[in-house]
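**Q** Take a look at the letters that make up each chain.
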Amino acid sequence: SQTIHQWPATLVQPVGSPLSLECTVEGTSNPNLYWYRQAAGRGLQLLFYSVGIGQISSEVPQNLSASRPQDRQFILSSKKLLLSDSGFYLCAWTVLAGKDTQYFGPGTRLTVL
Amino acid sequence: AQSVSQHNHHVILSEAASLELGCNYSYGGTVNLFWYVQYPGQHLQLLLKYFSGDPLVKGIKGFEAEFIKSKFSFNLRKPSVQWSDTAEYFCAVKKDSSYKLIFGSGTRLLVRP
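As you go down the protein sequences, you meet chains A and B in turn.
Start counting at 1 in the first sequence, then tack on 29, and there's your number in the numbering used here.
Start counting at 1 in the second sequence, then tack on 57, and there's your number in the numbering used here.
The hints are simulated quantities; they were obtained by calculation from the structure and are not laboratory data.
There may be inaccurate statements among the hints.
Derived, one-sided and incomplete: chain B residues facing chain A with beta-carbon distance under 8 Å [said to hold, decoys possible]:
hint	residue
1	64
2	96
3	97
4	101
5	105
6	157
7	160
8	161
9	162
Calculated cross-link-like contacts (lysine to aspartate or glutamate; reagent style DMTMM-like; alpha-carbon spacing at most 20 Å) [said to hold, decoys possible]:
hint	chain 1	residue 1	chain 2	residue 2
10	B	115	A	129
11	B	118	B	153
12	B	106	A	129
13	B	152	A	114
14	B	118	A	114
15	B	115	B	142
16	B	152	A	129
17	B	106	B	72
18	B	152	A	88
Glycine included, every Cβ here is placed at the ideal spot set by N, Cα and C.
Looking at chain A on its own, in the form it has when it is part of the complex:
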C-alpha cells in the first residue's frame, strides 16, 4: 500500500532563516505531488505541484520554492522565511490527474518567530 511521509512534524524558525521541508511517497511510481498550506481559519491553498522529476508548477508567487530531485521526493524550501510563512504545510499525492483522489500526508506545523 502507498504511504506518504513528511518531516519534520513541527518546526520553529526565526525570521530570515532558511527552510527545507521534505515529503516522500512509498509504494507508487511517478506520482503527481502537491504542496499545500493551511492557514488558521482558511482552507488549503495549493502552492506547488509536480508531474515528474524536475517539473514544478507554481500556483502562488511567494517566498517559497519547490523541487523534485527524485521520483517520490518533493521538497519545499525558502531562502529567508517571513512571519507570514507560518502555517501548516501538507504534501499530497495522486497517480492520475483525472478521476483520482489526492491523499495527504501528516503535515508540518511551521512557526516563524
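Got chain A; can you put chain B on it based on the hints?
**A** Relative to the frame of chain A, chain B by itself:
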C-alpha cells in the same frame, strides 16, 4: 476564478442530531467533488467523492453527500452525529482532468455528548 464556499464556519450539535454542511462551487464545467475530514491530531482524509453517476454518494462513517448540478452544490449530510464526528470538514472541487484541487475554507464541527 474558480471558488468553493462553505457557508458554515462553526457548527455545534448535540449527539444524535442531524447534520448538513453546505458546499457551493463556482465552476460551470464538469467537476469532481470531494469531502475531506480532519479529526483532531490526525491526517486530512477522504470522506467521500463524486466523479459521475448517482448524485447521491455514500462515504465512510455514515456520511453521504448529494450533488445538485443546477445548484452547484455538494452538501454533506449525516442523519445522526456522534461525539467522534467532532472534526473539521473540507469541501473540495477539481475540474475534470485537472491537477488542481480547490478547497473551501472548512467547517469546524463540535458534537456535544
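**Q** Hint by hint, note whether the structure agrees.
**A** Status of the hints after comparison with the structure:
1. 64: Violated: closest Cβ of chain A sits about 13 Å from residue 64 (chain B), beyond 8 Å.
2. 96: Given a least distance of 12 Å, the restraint on residue 96 (chain B) is violated.
3. 97: Constraint on residue 97 (chain B) not satisfied, violated at 13 Å.
4. 101: 4 Å, holds
5. 105: 10 Å, violated
6. 157: For residue 157 (chain B), the interface hint holds, since the closest Cβ of chain A sits about 6 Å away, which is under 8 Å.
7. 160: Constraint on residue 160 (chain B) satisfied, holds at 4 Å.
8. 161: 5 Å, holds
9. 162: 4 Å, holds
10. B:115 x A:129: 17 Å, holds
11. B:118 x B:153: 27 Å, violated
12. B:106 x A:129: Since the Cα atoms of residue 106 (chain B) and residue 129 (chain A) sit roughly 10 Å apart, the hinted pair holds (cutoff 20 Å).
13. B:152 x A:114: 28 Å, violated
14. B:118 x A:114: It is violated: about 35 Å lies between the C-alpha atoms, which goes past 20 Å.
15. B:115 x B:142: Holds, because 16 Å separates the two Cα atoms, which is no more than 20 Å.
16. B:152 x A:129: 11 Å, holds
17. B:106 x B:72: Violated, at roughly 25 Å.
18. B:152 x A:88: 16 Å, holds
The structure fails to meet hints 1, 2, 3, 5, 11, 13, 14 and 17 from the earlier list, while all remaining hints are met.
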